[in-house]
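Protein sequences, first through last, are from chains G and Z. One gets my numbering by counting positions in the first sequence from 1 and adding 63 to each. One gets my numbering by counting positions in the second sequence from 1 and adding 109 to each.
Rather than coming from a laboratory, the hints here were simulated on the basis of the structure. Quick reminder that beta carbons are idealized off the backbone N, C-alpha and C, glycines included. Treat the hints loosely; a few may be bogus.
Claimed, not checked - Partner residues are not named here, just some residues of chain G that face chain Z (Cβ under 7 angstroms, in silico):
#1 Ala189
#2 Thr192
#3 Gly223
#4 Ala355
#5 Ile356
Claimed, not checked - Taking lysine-lysine and the DSS-like style, the derived pairs with C-alpha atoms no more than 27 angstroms apart in a straight line are:
#6 Z/Lys299 to G/Lys362
#7 G/Lys334 to G/Lys165
#8 Z/Lys299 to G/Lys358
What the hints assert, rightly or not - What follows is a set of in silico ranges between Cβ atoms, one per label pair, in the way DEER data are often shown:
#9 G/Arg363 to Z/Arg434: 36 to 42 angstroms
#10 G/Ser274 to Z/Thr394: 27 to 33 angstroms
#11 Z/Leu149 to G/Glu374: 30 to 36 angstroms
#12 G/Asp234 to Z/Leu293: 50 to 56 angstroms
#13 G/Asn174 to Z/Ala474: 25 to 31 angstroms
#14 Z/Leu294 to G/Glu374: 20 to 26 angstroms
#15 G/Glu169 to Z/Asp331: 21 to 27 angstroms
#16 G/Asp234 to Z/Asn435: 52 to 58 angstroms
In case you want the letters, here they are:
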Amino acid sequence: MRLAITRRQLLKGIIGAGGALASGVASSALAEEHPAHPVAAPDAVGMLYDNTICTGCRACMTACSETNNLPAERLCPIDPAISTGLWDVPADLDSKTKNIIKLYREKDGDNFAFVKRQCMHCLDPACVTGCPFGALKKNTWGAVTWNSSLCIGCRYCEVGCPFDVPKFQWDKWNPKIVKCELCFDQRLKKNQEPACTEVCPTHAVIFGKRSELLQKAKQRIADAPGKYFEDRVYGEHEAGGTQVLYLSSVAFEKIGLPKLGDTSLGHYATKVSSVLYRWLSGPIIVAGVLGAIIKRNWKRHEAEAVRVQKETGVPEQL
Amino acid sequence: MNAHDTAGSTLVNHWQCGVPVYREPVVTTSLLFFGAWAALGLTLALARVVSPLGPFSGMNDAYAWGIWKSFNVMTLTALGSGPLAIGMAAWVFNRTKLHAVMRTALLSGFLFYATGLVALGGDVGRPWNFWNVILPWRWNAHSAMLEVAVCMPLYCAIFLAFESLPMLLERIYYTGDRRVKTTLLRWAPKIRRIYPYMITGAYVLPIMHQSSLGALLLLAGDKINPLWQTPVLPVLYLLAAILCGSGFVTFLLLIVCLHFSRPLDIGVLNELGNLLSVSCFLFLTVRFADLIVRGQLGRAFAFDSMSALFLLETALILIPAAVLRNRTVRKTPRRLLLLAITACLGGLLFRYIPTTVAFSPAHRARYFPSTPELLITIGYISLGMAAFGIAVKYFAVLPGEISDWNRMSKIFREKRRAPKAKKETPWLVSLLTR
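Using the sequences provided together with the hints, build the complete structure.
This is how it looks when you write it as structure tokens:
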């Protein structure tokens with residue numbers, strides 16, 4: 064039995080289905096995975112570092128290395144007969160250093176400032192957006208953690224990170240990505256704060272909920288206007304916002320915190336592709352259009368091949 | 110039969126179907142030369158497998174991607190996009206003359222992709238975790254790297270391999286006995302039935318991953334100079350691939366046909382030149398429209414080092430685009446060759462610059478490929494060239510005349526002897542005097 068569907072009914076059906084599909088796409092597009100200005104989760108934790116309090120004692124570095132079982136960075140001795148070299152003197156974040164205190168000194172004058180560098184734990188991290196199999200992920204409390212069994216070692220995280228934080232073990236056959244994970248496995252899970260904030264003798268770096276830290280930072284600015292650079296908190300909006308926040312007496316760029324826009328990189332990188340690749344709609348549409356044209360041309364091509372073979376006896380070559 | 114009388118002049122179609130290179134020895138000096146480089150590169154690549162990345166490369170945490178990714182994969186697969194460019198022109202835009210050169214495009218494309226993927230395998234630090242690719246629920250659908258990691262091997266292993274399959278089966282058919290022949294004749298209609306669907310896939314996939322290669326760089330954000338960092342980078346990467354693909358096939362055909370003293374087909378070359386010129390114009394249109402919309406045109410003409418690079422790259426693409434509009438130029442092999450090289454260089458520069466030269470991470474660091482890194486890259490390229498040199502002799506790759514088909518089984522079965530002391534015309538000389 065043939066179904067009695069008129070052309071009009073069929074058309075209506077197609078339009079209806081198309082409309083439903085379109086509205087489905089539109090509504091799911093509303094819940095963007097990488098919004099331009101991400102909002103911190105209510106349980107997001109972080110750190111607030113204030114370099115007007117930091118004395119540069121580097122207790123946090125030792126605590127970090129101990130807690131994370133990181134090997135000591137060793138400088139070669141000048142004379143091997145006298146010493147075995149200087150121990151634990153990293154120049155910057157590297158595959159043996161997840162946390163570092165650096166000193167900035169003004170070219171002329173006595174002005175100086177410390178800076179503590181480690182992962183910023185972005186609200187929408189570029190490393191997580193780029194990671195092909197989700198080895199890097201935004202874990203509980205917003206900590207950005209790394210999973211060794213999913214990482215293929217492509218180092219896209221290093222290319223993407225605007226703060227140059229993730230480091231790769233170039234000297235290992237089984238290389239890992241090394242970065243601060245807020246002591247996630249070692250301490251956070253056990254309801255302890257990260258090692259660096261715990262040991263800080265002056266409370267230059269403190270741990271807490273991001274919302275509370277932000278409030279505290281703004282209070283400090285309000286209490287002493289003009290004390291802090293631009294009277295603002297670094298990390299509130301940078302690259303869409305980070306869970307580690309900074310207060311500084313000197314310009315942020317001078318202590319190595321890059322000047323960044325307030326849009327998340329993940330948003331910039333995926334705003335078009337996430338629409339085109341939603342349910343593979345873009346590729347399917349392209350395949351449909353190309354396929355239809357190719358099918359038509361293929362028929363013509365076959366007819367021509369048959370004609371040539373009849374004339375010359377030569378079979379068509381694909 | 111070969112001569113078609115068009116408007117009073119006799120046009121000879123020399124390129125009608127694939128014909129193997131015959132009456133030539135397989136082992137030649139150039140094969141040994143490239144073979145030696147390939148052997149050296151592959152040995153080093155094997156050594157890299159059992160060694161950490163550090164001692165093998167000049168890469169560091171600031172420039173985490175070296176030439177294996179930025180050159181072998183992100184740049185050279187543009188040259189390997191001939192099957193996309195020529196195939197789309199032939200099958201979608203009905204430039205039917207180009208069917209004859211499709212096999213040259215397919216073979217070169219396959220070799221560029223295959224060596225690029227091997228390079229990628231040696232570049233990643235934890236390749237043993239790549240098996241996760243078969244578990245789609247572990248895919249990060251937002252990652253351009255995932256798209257490339259899934260799409261590129263799939264394209265090379267399934268679609269390019271399928272498209273190249275007739276070349277292999279044909280040789281088996283013409284050298285086989287009756288049983289083989291009847292089996293293959295039974296297969297032929299099946300292959301023909303799925304062929305149009307497979308070539309559709311063979312165009313959709315490279316459109317996806319060639320644009321995704323550009324999308325990879327979006328995440329690097331401000332690290333890349335604004336002359337190259339743009340939201341339309343995926344489109345530009347795709348257009349550069351089409352430009353390089355058509356340019357490289359033109360270049361390759363001219364070089365190889367002259368090397369083996371095979372006749373050239375001016376009609377097909379004319380078509381190829383036209384395709385190259387159009388794809389150059391398409392690229393430049395998007396490139397400049399983007400610069401104007403983003404208000405970065407001033408930076409392009411600031412005459413600093415980045416602007417100089419931009420101008421060089423643009424000139425290398427603009428010259429062939431404009432000059433190839435002239436039909437006489439398109440029909441002059443020497444000029445066409447030079448312009449194809451120019452266009453390819455321009456396209457390659459555009460693809461390479463944002464990955465390294467115009468890439469400045471927050472930390473001051475330098476990257477220059479180490480010697481083993483360079484040797485491995487040279488090894489992969491040499492491997493491709495050696496494989497190409499062998500394949501054109503065993504398979505019907507290079508375009509030739511349809512009349513040769515009557516002798517095909519003889520050609521395929523030909524015993525290759527060392528050449529008689531024949532007078533060789535160096536192809537470079539013959540090209541420059543042509």
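(message) For each hint given before, does the structure comply? Return the numbers of the non-compliant ones in rising order.
(response) Result: hints 4, 7, 9, 10, 11 break, sorted rising.
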